[in-house]
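K.L.:
The task is simple: from the sequences and hints, build the whole structure.
Number of protein chains: 4
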Amino acid sequence: MNKIRVSVAGGSGYAGGELLRLLLFHPNVEIKQVTSERFYGKLLHKAHPNLRKVTNIKFSGLAELEECDLLFLCLPHGKSMGNIENYKKIAPKIIDLSGDFRLSNPLDYDKWYGHPHSNPAMLKEFVYGIPELHREEMKKANYISSAGCNATTVILGLYPLFKEGLVMEDRTCIEVKVGSSEGGNAASESSHHPERAGAVRSYKPTQHRHVAEMLQEMSFGKKLDIHFSATSIDMVRGILATSHVFLKENLDEKEIWKVYRNAYKDEPFIRIVKESSGNYRFPEPKLLIGTNYVDIGFEKDPFSNRLVVISSIDNLMKGAAGQALQAFNLMYGFPETLGLEFPGLHPI
Amino acid sequence: MNKIRVSVAGGSGYAGGELLRLLLFHPNVEIKQVTSERFYGKLLHKAHPNLRKVTNIKFSGLAELEECDLLFLCLPHGKSMGNIENYKKIAPKIIDLSGDFRLSNPLDYDKWYGHPHSNPAMLKEFVYGIPELHREEMKKANYISSAGCNATTVILGLYPLFKEGLVMEDRTCIEVKVGSSEGGNAASESSHHPERAGAVRSYKPTQHRHVAEMLQEMSFGKKLDIHFSATSIDMVRGILATSHVFLKENLDEKEIWKVYRNAYKDEPFIRIVKESSGNYRFPEPKLLIGTNYVDIGFEKDPFSNRLVVISSIDNLMKGAAGQALQAFNLMYGFPETLGLEFPGLHPI
Amino acid sequence: MNKIRVSVAGGSGYAGGELLRLLLFHPNVEIKQVTSERFYGKLLHKAHPNLRKVTNIKFSGLAELEECDLLFLCLPHGKSMGNIENYKKIAPKIIDLSGDFRLSNPLDYDKWYGHPHSNPAMLKEFVYGIPELHREEMKKANYISSAGCNATTVILGLYPLFKEGLVMEDRTCIEVKVGSSEGGNAASESSHHPERAGAVRSYKPTQHRHVAEMLQEMSFGKKLDIHFSATSIDMVRGILATSHVFLKENLDEKEIWKVYRNAYKDEPFIRIVKESSGNYRFPEPKLLIGTNYVDIGFEKDPFSNRLVVISSIDNLMKGAAGQALQAFNLMYGFPETLGLEFPGLHPI
Amino acid sequence: MNKIRVSVAGGSGYAGGELLRLLLFHPNVEIKQVTSERFYGKLLHKAHPNLRKVTNIKFSGLAELEECDLLFLCLPHGKSMGNIENYKKIAPKIIDLSGDFRLSNPLDYDKWYGHPHSNPAMLKEFVYGIPELHREEMKKANYISSAGCNATTVILGLYPLFKEGLVMEDRTCIEVKVGSSEGGNAASESSHHPERAGAVRSYKPTQHRHVAEMLQEMSFGKKLDIHFSATSIDMVRGILATSHVFLKENLDEKEIWKVYRNAYKDEPFIRIVKESSGNYRFPEPKLLIGTNYVDIGFEKDPFSNRLVVISSIDNLMKGAAGQALQAFNLMYGFPETLGLEFPGLHPI
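Residue numbers (numbering that gives the first Met the number 0), protein chains in the order written: chain A, 0 to 347; chain B, 0 to 347; chain C, 0 to 347; chain D, 0 to 347.
Just so you know, not all the hints are guaranteed correct.
Because identical chains cannot be distinguished in the list, a pair is counted as satisfied if it fits within a single copy or across any two copies.
Derived DSSO-like pairs (lysine-lysine); straight-line CA-CA distance at most 27 Å [as the list claims (entries may be wrong)]:
1. Lys222 to Lys247
2. Lys52 to Lys162
3. Lys221 to Lys299
4. Lys221 to Lys247
5. Lys203 to Lys257
6. Lys45 to Lys253
7. Lys257 to Lys45
8. Lys203 to Lys45
9. Lys273 to Lys110
10. Lys88 to Lys78
11. Lys52 to Lys299
12. Lys203 to Lys253
13. Lys41 to Lys52
14. Lys253 to Lys41
No wet-lab data here; the hints were simulated from the structure.
P.N.:
Next comes the structure, spelled out in structure tokens:
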């Protein structure tokens, strides 16, 4: 079989690096070009030290991009939308990892991103990139917008409950704990190690942009509110969402288990994690480092109608590069797990 | 002035060690005895290595306790209630740091602790140990039960809002991030470093015992539900509570600021932390290590009636030893901050 | 091709878990049995949570081991030597990951392990398990003793210099920084998170057992002293050795580079890491997590004849399971890197 | 008694912040001015969040410095030497925390700092700032240059051995493990949390500037070489030095203990830490956070004449602000420990 020739625009960042790691080991992929203005002409491992001795590819410039089968856009948020018409000329298929085409309603950009979208017509061309929700569309899609990392964690954790109408949606309160890689690879005062180490920083108590994605995917036509906060902790990779939802009917844990089982039993990347003993009774982000899994657990409050749902991913994998590659596999009819088999490490 | 002669029963644990550190530098205190069966006869610094060269006191046995002015009980939960009548003979004043006398309603022990209280008559003799709520009672008290660490963090964060009836109490959802010292100094599989390091562990999604204290102190006669989850992160000391509360009326941040200011403006250990820029816009537990402060911040969600309240303490200080010493100062009419002046460190 | 049927004795520890992760994805391996008395009858993922959804194998008992092609021994140190005659009946080939057969001179067990060896005759049957030093012997070996993790790090870092006689061997001083997984999966007071977190613990300033391996492999018939200390830091996986060696002749960095290049240019798992700028100028253990690489760098002191050699591995991979699988590949004539392709992650 | 009026030039950095924390609680000190160009006009707690509610002092500009009794210089390295004549007009006594006046031989600046000293005449006016070595000179000094943090750790660890001529000086190899606060408060790519977290970075294998101080203080007229490397680990505060020294005569541990005891028995800030059991058998930097202690331990290699000396400090305290305040106390005849009583925390 001919390999798919892919290029990566903006390949020096963390999501780009993770994507390159995956692509280099994907049996059906040939990497054509990887761009970075900052590392122009240098070997990939100058930006991604884990790729030393793995590849001799060098960074190209964005302006030098040549035709290819599929183009991954790993540019900073806001950089894809302005040039999307050019990128369409370079490749018939595009997977964008930024937030630029995640929201189908242009007005949501005004509300959540604070500025209007510069190419609203293109928004409806993009499939929202969570394969577990949009698998069939992806198989036929040319344009996929990979979902936000926090959005992916929360949506996959709560989707079956919202879909089945089991909870009072507006009462949902969510708190995510996130690592420092979520902020990207640009150094700043807030990422300075003596300040960031040991931090439990309430970096976004309200108004996080990813909430717009949650509302889009889980409102099913209703007007919805979701109450979300994000806290940074001393961790590099990983997200753990603790979601408090309130059941309309007082289901017990067995019934809730069934709901999740029905929704996800055939999903290769979703695991229900709920054990009665041990250190890993519930999802744990460190076990997911480098993997494409979403781990989901829950506990029913015996004193109320509250259900606590715990969901976790690696923000650079299922929250970025891994999910993008999963979408890629779907687009080309490859086994969905191809190149995504790494099971994670323990201890770590 | 004659110094107050105090003894510490159960002085080899983390809260006991922290209390000893404070007592050794308190100008009006003379430590008479410190007990530990495990470290019997050894110097304090064998259990508390930070006290090397600071003191030559040795551990005694619990059975050897002699009369003193005030007895601190730092025994494991469940060990104070059975022997309280004996301890009353040793000292006219007692401060208990365990959970044994925190709840005034004996039935709460059945519900939250899973067993009946063995001396329910004594429960009403104890003042619940948050000075900011029970200062006047403490001044006259002989028995004080120091409050739970998570309970202290949450109650002080939300008290003014609940007191003033500003929120829909039953909708409150709280997520605390806690460190490993909260679990005490006994090693176990769950505290084994390769497992516990880097963990984001949902150790108590529902039914945490400290909720009983929150309900006791914040229900004001109403029947109340509070939705609380606790997650362990890779931190030794510290608690940060992220509380989602829902305002009855849509107050703005200035009005909320006033509520807190009115409630806490004279409190020596409470700081309102809410800045528009910098790394420390909101409370941060690492800045509180070794201090008795409670830092409280908040952010109003502009898209809903949600208010996110962020509160933080050092669990071994304001959540245990520091708060106990604050109570001690009140009992004897000393300045409330005596021996509690340490401001914390930065960077750390 | 028929798959090699392997069993793992003592498969619930950290090295065993890592080996199982590798074996499960090795194309030429079929896992027959995995033993653990503690987890007897349970699924592998109860001990190794990263293997959830990856395998349905359950733990067997040690006494139930059946014939197989090759047996991996991952038992605690001291447990292999006593039963080796039994294990030889189970499998014609054995790879032992413990220290029981690493030293060819039985007297070294008295000196470094503090007890005599119980089966000294078997010592000479085992090939010492660093493939880079004993590749040809391994290809014909039936019994391989996988090398110690600290020994592997130091030996591979210094071997070319000692082999070529370039340094004053007796002046060598080495300091390794190690993670907590090196101590195994049994909880103890010394591994209790509040004590172990943030620690920089001089756990073995002198007399580390792995020194015996260094002397065995690097003395080339001379009487040698090597000065070694080990310090535990707040890290789960990884070893970094800082070795001070003193050159007989004042070679410059280019000449030293040539020495390493000559020695290692065809080694698939050795990388020389020495860059003039960036965060990763020298080896960094976190980049090696999950990989079988040895990264080696150096810097010549311009003010003296000192050369500082920096070498690093993942103690559970190149220091245990990975190196054992590398030896396995050699024994069967498979490509040496088969099943060991994971390049590591960045950031992490 | 009239308080000493002190000012701090360059008070927004980490050493400056720590010094301010100490000065604010020193009973004999009145802070007159604190300068920072970056935080000009702002409250101290904008730079030092731990000082919130502790003080209302605001930052002044360097050009606005008024006369005072003693001036602390906490400026970046290289900024004191050029303006020292001006600072002498402002205050009759100066304590400089930078490296600008540590080396009495101007040529050492060429060799170790890579540039000539701009005011070599002033070098001999300054007393080198380790009180344990220069106490009597300090009592009469007007100018003190506070010692480097790594230099302090190593010198105090090895001084008695070198002084007594017990070791082969030239064979000494030292490896220090340091935290990120040593690099100061300016963010950079190398301090970006996803890169710096979990790092074991060989940041200075050779040629560290602090070696010049070690040679100056420990050569006693001989020509000396000391072999020093520095490795950054995932820690904010703290230094631990592992020093390999080689004894001329084969002293046992009891004799070595006597050497240290004789040298340091009256030192208020030096503790010999050497226990036969427990987690804290040797010095541990985390126990020293916030304290002015130097902890020193050792182990004699029974297989050779090597002695491993382990010494540890808090780089911002005994390695900077604490040692400067200790010197201040000596200059004014105050008890040496005044304002430096904090014993450190456990657990931490």
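K.L.:
Compare the structure with each hint and give your call.
P.N.:
Okay, the hints, checked on the actual structure:
1. Lys222 to Lys247: So Lys222 and Lys247 pass the 27 Å test inside a copy (18 Å) and across (20 Å) alike.
2. Lys52 to Lys162: between (47 Å within a copy, 25 Å between copies)
3. Lys221 to Lys299: both (26 Å within a copy, 24 Å between copies)
4. Lys221 to Lys247: both (16 Å within a copy, 23 Å between copies)
5. Lys203 to Lys257: Close across copies (23 Å), not inside one copy (34 Å); limit 27 Å.
6. Lys45 to Lys253: between (51 Å within a copy, 21 Å between copies)
7. Lys257 to Lys45: This pair counts as between: shortest inter-copy Cα distance 22 Å, intra-copy 48 Å.
8. Lys203 to Lys45: Classified as between: cross-chain Cα gap 20 Å, same-chain 32 Å, threshold 27 Å.
9. Lys273 to Lys110: between (37 Å within a copy, 24 Å between copies)
10. Lys88 to Lys78: For Lys88 and Lys78, only the intra-copy Cα distance (16 Å) is at most 27 Å; the inter-copy one is 55 Å.
11. Lys52 to Lys299: Classified as between: cross-chain Cα gap 24 Å, same-chain 49 Å, threshold 27 Å.
12. Lys203 to Lys253: Close across copies (19 Å), not inside one copy (35 Å); limit 27 Å.
13. Lys41 to Lys52: within (14 Å within a copy, 40 Å between copies)
14. Lys253 to Lys41: Between copies only: 22 Å across chains, 55 Å inside a chain, cut-off 27 Å.
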